[in-house]
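Colleague: Chain by chain, the residues run as shown.
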Amino acid sequence: MTMTLDHPGTLPAAAPNADALQRQGARERRALASLTLPGAALIFVVLILPIGWLFWQSFFGAAGQPTLENYARMLKPVYVRTFVTTFEVSGLVTLACVLLGYPVAYLLAQLPERLAGLLMIFVILPFWTSVLVRTYAWLVLLQRTGIINTWLVDAGLISEPLPLVHNMLGVVIGMVHVMLPFLILPLYASMRAIDPVYMRAAANCGATPAQAFRQVFLPLSLPGLAAGVGLVFVLCLGFYVTPALLGGGRVSMWAMQIADNISVYGNWGAASSLGVVLLIVTGIILYAFKRLFRTENFGGTR
Amino acid sequence: MRKSMKQGIIAAIAAVGLSTTAMAADTLTLAGLGGKVQEDLTKTLFKPAAEKVGVELRGESHDGLAAVRVQVQSGAPGWDVAHLGAEDCAIGAAEGLFEPIDYSVVNADGIPERARGKDWVGTNTYSVVLAWRTDKYGDNPPKDWKDFWNVEKFPGRRAMSVYPQEMMEISLLGDGVPRDQVYPLDTKRSLAAIAKIKPNISVWWSSGAQSAQLLKDGEVDMEAIWGSRIAGVIADGAPVKFTYQDGVIGFGCVAILKGTKHLAEAQKLVANIVSPEIQARIPTMMGYYGPANQKAFEVGKFPPEVLAQSNQSPENAAKQVIMQPTWWAEHMQDVQEDFKNLITQ
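Chains as they are written, first to last, in our numbering: chain A, 54 to 355; chain B, 24 to 368.
Among the hints, erroneous ones may be present.
Here are some of the chain A residues that sit facing chain B, going by a computed Cβ distance under 10 Å [what the hints assert, rightly or not]: (1) K129; (2) P216; (3) A297; (4) I315.
Derived by calculation from the structure, the hints in this document are not laboratory data.
The C-beta atom is built at its ideal place from N, Cα and C for all residues, glycine as well.
Let the hints inform the model, and build the full structure from the sequences given.
Modeller: Structure, rendered in structure tokens:
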């Protein structure tokens, strides 16, 4: 393109020139692509290969014989329930994170950069404490004789302590605490990238603040929201410690079932088949989600 | 500068290499479940036993049979001996993970038959007991698992373990099965009994620390809990008491990993760990635990308060049921899933 502009007199020779350009372009693309080789090789060795191995192993029984028993086992009620619970908990946590995280990210995005940076410390602060410590801290707060129930009873607001923990509610509270930063960070980044001029333009056109938010800001923030939702949802699927401690034994998630299978069954296939199923179902859900919201940069923000 | 650093690193690597080869000759590695229990067992049993054999002891920790399995499957286990729960020893033995115990070296005379196998031997006992809050029940506490199951006479919040081991046993006792008829476990009756008590179980605990915290904070009023965990709760001044009545005695055990390069030394180490003399250290040094070798009570002289505390003193042992690890090794897979299915409903 630029060549033809630079040499307007060589128009008759355009065809061979275009060919050469195309060849050169292809060469350049190959050269650039080859730069990704080390990265691709690393991903192949540390990600693709082990997952392939996991998949392969899931078709073998304890004595090394090829079998489908590892998959047939998953029809037992305990597996079905655990599987459903896993997606139920992940969905609830993701929803709670959106409801709590969106206003926080919005507030941070409206504040002057310096103040937002300061407040961001509070968002990131939970990262600095171990998950185990945070989980035990929630026990202290939520249990029957915990701080919240003691206050409520002393204040005469309730007569019987509320069941805040050792159930699904406790698990969701604990997990939301861990997951919230993963939603806020990508969302905040995408909100910052929205030019405030758009909102002023909407106001100029006669939109009320609520209308401007709904019709301009919200759609523009959706890619960041989708990235956060995907991140939170997928991370939730693999939770182990928090549901084990805050669920009181009633809320059993897939990761706990995988751990059980590793210890109870003498073969890796019994556990890897569970991993394979989770991977596939998660992939399907994310694909469906992507189609539903037509988000191109799902799982990451530009 | 750079060169000297490089030389230093090479020298350091060489030194580490030398020291490991020097260590390999007379060092045994024993892997246990970690935490305070392993610390105490090392002090009480493993260290003195290693001293008698004349080897250095290196401690490692694992999180159960799966880790031991990986070590053996690697072909060159980094551990020589593993300390596990007896049901895991029995499962591992069935999978062929261990070397046979050489009973011409290991004298198992005082160890009950249930507490040893061809490939493993019990090292210590623990009890699952009934504990309760005295501020809740006062002078009329629950006496046994039948009372634990009696929610009309003993209302209150209860806790049990998420693992079926011992919970299945106590559910049968609670349902009225006499102590000597618990095995082989009637799983149907046991699960039915657990289904009955389920609405009154506030928490199914998954770790020892958690079980202790539940009782200490008054989150539950009575609980099936490891006797060893009660010690800390009572020492913290919590209004808590427990009974050995209808307790379930479980075992810790050791097994020698298949493929160890120190088989002869490992056999000697095991022999010393279970010898009456070293076992006799348990009642005084590890309150609420007991020796696996009953001859420890013949060898050692214990003050009455120590005997009253030990789960394995003849008087306390008579009130309890001895767990059968081989039953669990055979049935763990089915029972585990049925039990979990029941409690997560």
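Colleague: Against each hint, give a clear statement of whether it holds in the structure.
Modeller: Verification of the hints:
1. Taking 10 Å as the C-beta cut-off, the interface hint given for K129 (chain A) holds, the closest approach to chain B being about 6 Å.
2. Annotation: interface hint on P216 (chain A) holds; nearest CB of chain B at approximately 8 Å, less than 10 Å.
3. Interface restraint check: A297 (chain A) against chain B, minimum CB-CB distance 5 Å, threshold 10 Å, status holds.
4. Using the Cβ-Cβ criterion of 10 Å, the hint placing I315 (chain A) at the interface with chain B is satisfied: the shortest such distance is roughly 5 Å.
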